[in-house]
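Asker: Below are the chains, spelled out letter by letter.
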Amino acid sequence: MKSLFRHSLAWPAVTLILLLGLNAVMNPGFLALAWRDGHLYGSLVDILNRAAPLALVSAGMTLVIAARGLDISVGAVVAISAAVAAVIIGPTGNLGFAIAGALGVALLCGIWNGALVVGVGMQPIIATLILMVAGRGVAQLITGGQILTVYYAPYDFIGNGYLLGLPFAALLAGAVIVLLHVLLSVTPLGLFIRAIGINPVASRIAGVRAQPITLCLYAFGGLMAGLAGLIISSNVKSADANNAGQLLELDAILAVTLGGTALTGGKFSLAGTVLGALIIQTLTSTIYSLGVPPEVNLVFKAALIFLVMLLQSPDFRATFKRLPVRPPGAEKTS
Amino acid sequence: MATGDRRPVLEARGIVHAYSGKPALDGVDFCLRAGEVHALMGQNGAGKSTLIKVLTGVEPLQTGSIILDGAAIRPASTLDAQQSGISTVYQEVNLCPNLSVAENIFAGRQPRKPWARGGGIDWKQLNARALELLARLDVDIDVRRELGGYSVALQQMVAIARAIDISAKVLILDEPTSSLDSGEVAQLFQALRKLRDRGTAILFVTHFLDQVYEICERITVLRNGKLVGEYPASELDHAALVSAMVGRAVSNDFTPAARVAAESSQTPAVLSARGVQRQGGVSRVNLEIRPGEILGFAGLLGSGRTEVARLLCGLDSPDDGEIRLKGVAVTMHEPAAAIAQGVSFCPEERKTEGIVDQLSIRDNIVLSLQARLGLWRKLSPQHRREITDRLAKQLDVRAASLDMPIGELSGGNQQKCLIARALAIEPCLVVLDEPTRGIDVAGKQEIMSLLIKLAAEGMAVVFISAEVEELLRVSSRIVVMRDREQVGELPGGCSEDQVYALIAAPAASAPAGNAA
Chain A
1 MKSLFRHSLA WPAVTLILLL GLNAVMNPGF LALAWRDGHL YGSLVDILNR AAPLALVSAG
61 MTLVIAARGL DISVGAVVAI SAAVAAVIIG PTGNLGFAIA GALGVALLCG IWNGALVVGV
121 GMQPIIATLI LMVAGRGVAQ LITGGQILTV YYAPYDFIGN GYLLGLPFAA LLAGAVIVLL
181 HVLLSVTPLG LFIRAIGINP VASRIAGVRA QPITLCLYAF GGLMAGLAGL IISSNVKSAD
241 ANNAGQLLEL DAILAVTLGG TALTGGKFSL AGTVLGALII QTLTSTIYSL GVPPEVNLVF
301 KAALIFLVML LQSPDFRATF KRLPVRPPGA EKTS
Chain B
1 MATGDRRPVL EARGIVHAYS GKPALDGVDF CLRAGEVHAL MGQNGAGKST LIKVLTGVEP
61 LQTGSIILDG AAIRPASTLD AQQSGISTVY QEVNLCPNLS VAENIFAGRQ PRKPWARGGG
121 IDWKQLNARA LELLARLDVD IDVRRELGGY SVALQQMVAI ARAIDISAKV LILDEPTSSL
181 DSGEVAQLFQ ALRKLRDRGT AILFVTHFLD QVYEICERIT VLRNGKLVGE YPASELDHAA
241 LVSAMVGRAV SNDFTPAARV AAESSQTPAV LSARGVQRQG GVSRVNLEIR PGEILGFAGL
301 LGSGRTEVAR LLCGLDSPDD GEIRLKGVAV TMHEPAAAIA QGVSFCPEER KTEGIVDQLS
361 IRDNIVLSLQ ARLGLWRKLS PQHRREITDR LAKQLDVRAA SLDMPIGELS GGNQQKCLIA
421 RALAIEPCLV VLDEPTRGID VAGKQEIMSL LIKLAAEGMA VVFISAEVEE LLRVSSRIVV
481 MRDREQVGEL PGGCSEDQVY ALIAAPAASA PAGNAA
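Chains as they are written, first to last, in my numbering: chain A, 1 to 334; chain B, 1 to 516.
Hint data in this document are derived by calculation from the structure and do not stem from the laboratory. In this text, a Cβ means the ideal position worked out from N, Cα and C, and glycines have one as well. Among these hints, one or two may not hold up.
[What the hints assert, rightly or not] Across the chosen pairs, the derived CB separations fall in these ranges:
no.: 1; chain 1: B; residue 1: Asp403; chain 2: A; residue 2: Val201; range: 21 to 27 Å
no.: 2; chain 1: B; residue 1: Thr352; chain 2: A; residue 2: Leu307; range: 38 to 44 Å
no.: 3; chain 1: A; residue 1: Ala271; chain 2: B; residue 2: Asn224; range: 39 to 45 Å
no.: 4; chain 1: B; residue 1: Ala76; chain 2: A; residue 2: Lys301; range: 42 to 48 Å
no.: 5; chain 1: B; residue 1: Lys124; chain 2: A; residue 2: Ser313; range: 48 to 54 Å
no.: 6; chain 1: A; residue 1: Val186; chain 2: B; residue 2: Gly458; range: 31 to 37 Å
no.: 7; chain 1: B; residue 1: Gly327; chain 2: A; residue 2: Val186; range: 34 to 40 Å
[To be verified] Pairs of lysine-lysine residues, derived as DSS-like cross-links and limited to a Cα-Cα distance of at most 30 Å, are as follows:
no.: 8; chain 1: B; residue 1: Lys393; chain 2: B; residue 2: Lys22
no.: 9; chain 1: A; residue 1: Lys267; chain 2: B; residue 2: Lys393
no.: 10; chain 1: B; residue 1: Lys22; chain 2: A; residue 2: Lys267
no.: 11; chain 1: A; residue 1: Lys267; chain 2: B; residue 2: Lys378
no.: 12; chain 1: B; residue 1: Lys378; chain 2: B; residue 2: Lys326
All chains should be modelled from the sequences, with the hints used to inform the complete structure.
Answerer: Next up, the structure:
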């Protein structure tokens, strides 16, 4: 039992279970699952579905952060991707072209970020700040400053469809993350990323091609944001250059941190990130289901996140554990 | 001799110290007398650093007693130790390079103007006192200039000046000479002798045996956390000291196998460089390295030794000239390109350029090999285990487990792992930049024996070292660098004087700002 708690995923998992438990207590129907019209329904399924874009973006962010980077432009890339898809699909109705176009542009955005960091040598936060700010403008240009609505049934499927009774978006995110996990375990990519994150100079001297790998990680991050953009715009049937993926980068960084990935690079956990994304989505659902008034919504969320972070901190847990039981003569600590 | 009846200043009795249950010191006694320079010797992991940490308050005293001037002390922090009279200068200068020399000496203790309480630093007095302190060490530099602009040796002197200004009772020097060249060492020793003659007790930790005999009167030897003994330097010769440190007799002789193998100069060169140069690096390097040869690189610190190595291994790309590998002209813009060709490099800066410290020893050893294999050919777990077990055994890496993070190893063991990494790719040419630095005597011998063995098996080796004696022992040829230029090449078996004559040109002997 004790060794179970020492596992790096233990505390994110405990946090998620506690949050789900809190919801179950407040709302007795929360854990219920029902099979209707060949679909699985329930709050849990809903959380999975809504967490999909965040999980995808966070997965990309995990690798970027693990290699000592940061990408704060993902929210803007979501908006660009959504705008490109909507602009293509509106007049043409060509789904394949729209998806390819959106993902292609998102990939280019990622390569742009990577080139600034790797090629120009900019600080990651500054390099991606450029696209974070400019990206919304680019999305506005693409949409002509309008909120484009998309009424096209096949496109609708990405964000609202069901496959084998489960939401397609959740399945898609799950599949991408499982593929990524397989890639990380059958190739030495994970070793290279950790080495770059811990000591980029030594890694380069040891022969790790740190620059192309880092560029690819940013490109992958962009691609994931593009995929998230497709899901989000399909889900709300529109592309909103100003609000699509708003502050998603911060949620993604939070999810990565909650999952036990070090912001200083080196140590990372993909599974932890998925748990982190689920925690954040559950938090959001909790706030809605508790009926928290909108004006205190953000304050409430901040307070909950603060609690979650405290629970995750080994230092905090250690002080907490020490407080009640202080054996006599224990004051002489090293 | 005469030192025996001098007054003990610092005594440690029955020191037992353990790190999380693992004993590092086991009943060590130690006595430092006024006006002596005392060497503390031992292999990596013998407990030297722990003893110093206990004496200087970095580690709390667990068992035993420390007596300073007849009174028991328990230094709780380095500040505490300093205030009671024990100052330490560490291997890595820990001063602020962006502050002036004088500011560094008096940081936190700046003289104030009498009429301006709480403010107003008395710069005149600060600089004058700094100048005076450094003069006591025979150093005459502009104390108002930034510390970072001076050589490491001078920075070391500034650190000592700071230490003796705080207290001149006990001065502990932890490997102060490891990054100094011979001229700088002589200057440091001159300063130490002056301090000693004024009654300061100096504890000197080093891996350089010759330096021990040059300056120390007494030697205390530790082995595996235990005291082996305290000896007058005059009664313990070179071989006896090494035996005391390693616990067995060590042979100093090498069969010059490398030289024999290299005689066959008919074999085509593994690597040849023609007129290779780089702006701000080195100019016009011409080299040929053949299989089975150990090519030594001699020169002072900053003479361009490392810069040449970086060019050969793809860390920097040359502006001009041609590098041929096995006769084929190559351009290597990346270390990865050199490694793909079978040229591996073991860097001098172990911490910043070598180890990836939170990764396991195994991951560190296979990193280059795996990088060479690329993304799509991952080493199988068994293969990885086999390779790392074999190399760790070959290089005698001492670790509780090869799965522990490399950062937890001692410096010498980390160095061995880096050599293991360089060898894991089975290179045709391996370039080792100061591979013996910071490694104990037995470890140095092992590494040099290994180089000879590798060369005998047909590998080409480039061996860079500041220690001419080491170079002479193993090299088939020695290239001498000076002022970022290749100034000559000597055959193996030449004399130390010949090498020094080439190294020390008149123009290079006096670093700016040093007074005699």
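Asker: Each of the hints needs a verdict: does it hold here or not?
Answerer: Status of the hints after comparison with the structure:
1. At roughly 24 Å, the beta carbons of Asp403(B) and Val201(A) sit within the given window of 21 to 27 Å.
2. A hinted range of 38 to 44 Å holds for the C-beta pair Thr352(B) and Leu307(A), which are about 39 Å apart.
3. Our hint of 39 to 45 Å for Ala271(A) and Asn224(B) holds, since their Cβ atoms are close to 43 Å apart.
4. Judged by the Cβ atoms, the range 42 to 48 Å given for Ala76(B) and Lys301(A) holds: they are separated by roughly 45 Å.
5. Distance hint check for Lys124(B) and Ser313(A): the Cβ-Cβ separation is about 51 Å, which falls inside the suggested range of 48 to 54 Å.
6. Distance hint check: the CB atoms of Val186(A) and Gly458(B) are about 35 Å apart, consistent with the given range 31 to 37 Å.
7. At roughly 38 Å, the beta-carbon separation of Gly327(B) and Val186(A) lies within the given 34 to 40 Å, and the hint holds.
8. With a C-alpha separation of about 23 Å, the suggested pairing of Lys393(B) with Lys22(B) holds against the 30 Å cut-off.
9. The hinted pair formed by Lys267(A) and Lys393(B) meets the criterion: a straight-line CA distance of about 28 Å does not exceed 30 Å.
10. For the given pair, Lys22(B) sits about 28 Å from Lys267(A) by alpha-carbon distance, which is consistent with the 30 Å threshold.
11. Distance restraint check for Lys267(A) and Lys378(B): the Cα-Cα separation of roughly 20 Å lies within the 30 Å cut-off, and the hinted pair is therefore satisfied.
12. Between Lys378(B) and Lys326(B), the direct Cα distance comes to roughly 28 Å. Compliance with the 30 Å bound is thereby established for this hinted pair.
In summary, this structure violates none of the numbered hints.
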